[in-house]
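J.: Since the structure of chain A is provided, determine the placement of chain B on it from the hints.
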Amino acid sequence: MGILVQNFAGQNWLIVPAALAVSDPRPADIFGQKWELTLTGVVILNFHGFQADDWRRDTFTILPDVQAPLQYAIDAYNIPTPPRSFTPAFNVDQWAPFATFSSVFDKDSGGVDAGFAVDAWRPSPFISSESGSVGVPQVFNGIDVDIAVRNTKAMLHRFSYRITLVGSIALLFGPG
Amino acid sequence: MSLTFSSFAGQNWTIAPAALAVNEAAPANISGQKWLLTLTGVGVLDLQGNNVDDWRRETLTIFPDIQTPLRFAIETHGIPVPPGITTPAISLEQWAPFAALSSVFDKDSGGADAGYAVDVWRPTHFLSTTDAGGRLVQQIFTGIDVDIAVRNTKATLHRVSYHILLLGRIVFLAASGTRKR
Numbered sequence: 015m016g017i018l019v020q021n022f023a024g025q026n027w028l029i030v031p032a033a034l035a036v037s038d039p040r041p042a043d044i045f046g047q048k049w050e051l052t053l054t055g056v057v058i059l060n061f062h063g064f065q066a067d068d069w070r071r072d073t074f075t076i077l078p079d080v081q082a083p084l085q086y087a088i089d090a091y092n093i094p095t096p097p098r099s100f101t102p103a104f105n106v107d108q109w110a111p112f113a114t115f116s117s118v119f120d121k122d123s124g125g126v127d128a129g130f131a132v133d134a135w136r137p138s139p140f141i142s143s144e145s146g147s148v149g150v151p152q153v154f155n156g157i158d159v160d161i162a163v164r165n166t167k168a169m170l171h172r173f174s175y176r177i178t179l180v181g182s183i184a185l186l187f188g189p190g
Numbered sequence: 027m028s029l030t031f032s033s034f035a036g037q038n039w040t041i042a043p044a045a046l047a048v049n050e051a052a053p054a055n056i057s058g059q060k061w062l063l064t065l066t067g068v069g070v071l072d073l074q075g076n077n078v079d080d081w082r083r084e085t086l087t088i089f090p091d092i093q094t095p096l097r098f099a100i101e102t103h104g105i106p107v108p109p110g111i112t113t114p115a116i117s118l119e120q121w122a123p124f125a126a127l128s129s130v131f132d133k134d135s136g137g138a139d140a141g142y143a144v145d146v147w148r149p150t151h152f153l154s155t156t157d158a159g160g161r162l163v164q165q166i167f168t169g170i171d172v173d174i175a176v177r178n179t180k181a182t183l184h185r186v187s188y189h190i191l192l193l194g195r196i197v198f199l200a201a202s203g204t205r206k207r
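From first to last, the protein sequence lines stand for chains A and B. The first sequence maps to residues 15 to 190 in this note's numbering. The second sequence maps to residues 27 to 207 in this note's numbering.
Next comes chain A alone, as it looks inside the complex:
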């Protein structure tokens, strides 16, 4: 896990049932439904370089709000919920994150080095949990993005993301 991003300039989402292939059996009930969840947005970092002649590198974790789309799907598709307290979660089968810088600024560098980078990304380590007695092994827990800024006058203000996920909705009980 990296530094958790707290400040979002904006968040969007889209959740739809995943289509069945012509050879796929229909799920026995709505709990077997697969979903395609898309999460997009811009986060505010204001990540300042602090080395005149080298890169400052760090990993940031983006954990967008997944409760809103999951709750939307639960309501829109009448997914039965238990009377006890629960937390919706997304158990991931497939993932395709994307991130890029969205606002950068190099202040009057006077000719010294300057650079900005989104070097790589990957899913944050999944959480393994359970729903009742059913295992939920790959709960989506955000993405980790490796970022770098070079020179003390360079600032990476914002970066943006688009995360495509395929998986199932799970209802988690209690902590975790």
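Careful: at least some of the hints might be erroneous.
Here are the simulated DSS-like cross-link-like pairs (lysine-lysine), alpha carbons at most 30 Å apart as the crow flies [as the list claims (entries may be wrong)]: (1) B:Lys-133 - A:Lys-167; (2) A:Lys-48 - B:Lys-60; (3) A:Lys-121 - B:Lys-133; (4) B:Lys-180 - A:Lys-167; (5) A:Lys-121 - B:Lys-180.
Here are some chain B residues pointing at chain A (derived, C-beta under 8 Å) [to be verified]: (6) Pro-43; (7) Val-68; (8) His-189.
Covered stretches of chain B (chain A as the covering partner; in silico rule of three or more C-beta atoms under 8 Å from a C-beta of chain A) [unchecked claim]: (9) 27–41; (10) 44–51.
Treat the hints as calculated values from the structure; they're not laboratory data. In this text, a Cβ means the ideal position worked out from N, Cα and C, and glycines have one as well.
T.: For chain B alone, kept in the frame of chain A given last:
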């Protein structure tokens, strides 16, 4: 001649069946299934500018690994594989590529101009060929071409990222008999 990445810093994908419209007939079998394939990642390029006062312009071809997601779909959904040596490919109906600057560096420019650009992108020329059954298959995905530029000799475009969304059918190419459209 276009450039290619020296390596990929990371690649990700999803592949899922495409939904049918309410008035659309289901395909006769799994071989007619349409798929939505998403490819994302970051590639390492390290392209340095070579003009002090002008742009260096190049075309970068990005062809991510599509074998892994196609084989995943083939195995997960029980798609019959023709006998013999074949290679899975995706024959496209629709495409929506995207590419962006992902790492840029301006070394001690001394106040001179510097710039980086992803000017435009498009699919690489599709392949038209025959499949393992000898049928003509067209619009085979072979990557995307991205026009990039770097300005000044001290500027380097280290990395480019991409997000490619494709809709098409999985086909199995014969080991020979290919031709470019």
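J.: Would you mind marking each hint as holding or not holding in the structure?
T.: Status of each hint after checking the structure:
For the given pair, Lys-133 of chain B sits about 13 Å from Lys-167 of chain A by alpha-carbon distance, which is consistent with the 30 Å threshold. Annotation: proposed proximity of Lys-48 of chain A to Lys-60 of chain B holds, straight-line Cα distance about 17 Å (limit 30 Å). Between the alpha carbons of Lys-121 of chain A and Lys-133 of chain B the distance comes to roughly 15 Å, so the proposed pair stays at or under 30 Å and holds. Restraint check: the Cα-Cα separation between Lys-180 of chain B and Lys-167 of chain A comes to about 18 Å, which is no more than 30 Å; the hinted pair holds.
A threshold of 30 Å between alpha carbons decides the hint, and for Lys-121 of chain A with Lys-180 of chain B the separation of about 18 Å falls inside it, so the pair holds. With its C-beta approaching chain A no nearer than about 4 Å, Pro-43 of chain B sits inside the 8 Å limit, and its interface hint holds. With a least beta-carbon distance of about 5 Å to chain A, the hint placing Val-68 of chain B at the interface is held under the 8 Å criterion. Satisfaction of the interface hint for His-189 of chain B is found here, the shortest Cβ-Cβ separation to chain A being roughly 4 Å, below the 8 Å cut-off.
Given a C-beta distance limit of less than 8 Å, the hint that chain A covers the stretch 27–41 of chain B holds, as 6 residues qualify and 3 suffice. Counting residues of the stretch 44–51 of chain B whose C-beta sits closer than 8 Å to any C-beta of chain A gives 3, which meets the bar of three, so the coverage hint holds.
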